[in-house]
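Student: Start from the sequences, fold in the hints, and give me the full structure.
Respectively, the protein sequence lines represent chains P and D. The opening position of the first sequence corresponds to residue 1 in my numbering, with each subsequent residue numbered one higher. The opening position of the second sequence corresponds to residue 1001 in my numbering, with each subsequent residue numbered one higher.
There could be a bad hint or two in this list.
Not everything, but these chain P residues come out facing chain D in the computed CB check (under 7 Å) [as the list claims (entries may be wrong)]: (1) Arg144; (2) Pro146; (3) Ala167; (4) Asp171; (5) His178; (6) Asp180; (7) Val181; (8) Pro205; (9) Pro223.
Sample of chain P residues lacking proximity to chain D, with all beta carbon distances greater than 10 Å (derived) [said to hold, decoys possible]: (10) Leu125; (11) Leu183; (12) Arg190; (13) Leu272.
By construction, these hints were calculated from the structure, which means they are not laboratory data. Glycine included, every Cβ here is placed at the ideal spot set by N, Cα and C.
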Amino acid sequence: MSMLPRPFRVTSTRRDTRDTNTLDLVPVDGRPLEFAAGQFTMLHAFGVGEVPISISGDPGRPETLRHTIRDVGSVSAALAGASPGTVLGVRGPFGTGWEVGSGRGGDVVFVAGGIGLAPLRPAVLEVCAARTDYGRVAVLYGARTPDDLLFADDLRSWAADHDIDVAVTVDSAPSSWHGDVGLVTRLIERATVDANRTLALVCGPEVMMRHSAASLGDRGVTPDRVRLSMERNMKCGVGLCGHCQLREYFLCIDGPVLPYDVLAPLMSKAEL
Amino acid sequence: MNSVQNIEAFLPGHPFFAGLDDAAISMMAGCAVNAHLRPGEFLFHEGQAADTFYVVRSGRVAIQMRLPTEGVVLDTARDGDVVGWSWLVAPYRWTFDALATEETSVIAFDGACLRGKCETDPALGYALLQRVVQVMSARLHSARVRLLDLYGVRS
Chain P
1 MSMLPRPFRV TSTRRDTRDT NTLDLVPVDG RPLEFAAGQF TMLHAFGVGE
51 VPISISGDPG RPETLRHTIR DVGSVSAALA GASPGTVLGV RGPFGTGWEV
101 GSGRGGDVVF VAGGIGLAPL RPAVLEVCAA RTDYGRVAVL YGARTPDDLL
151 FADDLRSWAA DHDIDVAVTV DSAPSSWHGD VGLVTRLIER ATVDANRTLA
201 LVCGPEVMMR HSAASLGDRG VTPDRVRLSM ERNMKCGVGL CGHCQLREYF
251 LCIDGPVLPY DVLAPLMSKA EL
Chain D
1001 MNSVQNIEAF LPGHPFFAGL DDAAISMMAG CAVNAHLRPG EFLFHEGQAA
1051 DTFYVVRSGR VAIQMRLPTE GVVLDTARDG DVVGWSWLVA PYRWTFDALA
1101 TEETSVIAFD GACLRGKCET DPALGYALLQ RVVQVMSARL HSARVRLLDL
1151 YGVRS
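Tutor: Encoded structure:
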């Protein structure tokens, strides 16, 4: 029953940044939560509230549900601060996935901004698990500062162990930082891609995604080969309440992942 | 191949110089030298006379500003990037520091010499100005978008 939360127990927590934690959860009833990379759940802190959170775990290991949660309000604070042993409610998984498998045989570019790396992580892991099925793979990641970078161990492992071109940039940094400073779109300009056979998956703030899609277009990647994960106010998760409506699309069921050729005319309209 | 020939061979393939005729390329190569910086070496400092601009051939340069406690990196330039436009804009003084953060090779152009040539050859001046404005526009766009603090918490 998709409206009824299933109880999941927090088994471990990890502090990622000053405001972001990762939780591992297991189902109290023992039934794994199968999910597709890119999907989200409605995560419930009992007595506080419920919010949509993308799954950041490995789709090949559904026995553990992993969520990376940024503390931006009362509910997300309660979720991000949950300690091992806490029972949380889970509805879902909901929504469309990245369908990164449709890019087999070609190149894949992941473009992440800020917490947007969390929803992309399952798709990157899916590619890692079948790495020889893909051509060049790049993860291009922009964050606010070096202290805000997520999944540093993963980024190193993807580059070292899975032949993935990982490039990171930040908006600003102290002079002790020797990496790139600038927009993530600069990384797109520099990426080695074969535009004709590239699938691009983009996740981050909407302005960042719009600019990234434009930069990918400048590189020759057509809008139908660019997929974005949209964020709106998901509430019911099953296309009933309309809170997440984007014109004719209910993003909780028609999205959150949609191709840019569908989204481009919608993203150019104010207050839609 | 000597340094000038080496630079003359490099320039036509660089987007900044694309479209300049052979005479302009040759003249610019004549105003340029190759240079190499070790990590921690500065290309220039804020407040100094800006009589040079650079094309990064390899490596990374941090454009930064000194604060009382530490430096803040505002931008980085990498292979193929152009560093510096203050040589073309009065009062011809650098407004930031530029620091090599890894082994870095650059082509350094004598901006003071080029300014003189631009004044006597308006077509060349316009062509260079167009190219420098593109660099400035890209940097301005980058700065404006980052001012939005998109990755920060939205209230």
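Student: Can you name, in rising order, the numbers of the hints this structure does not satisfy?
Tutor: Violated: hints 2, 3, 9, 11, 12.
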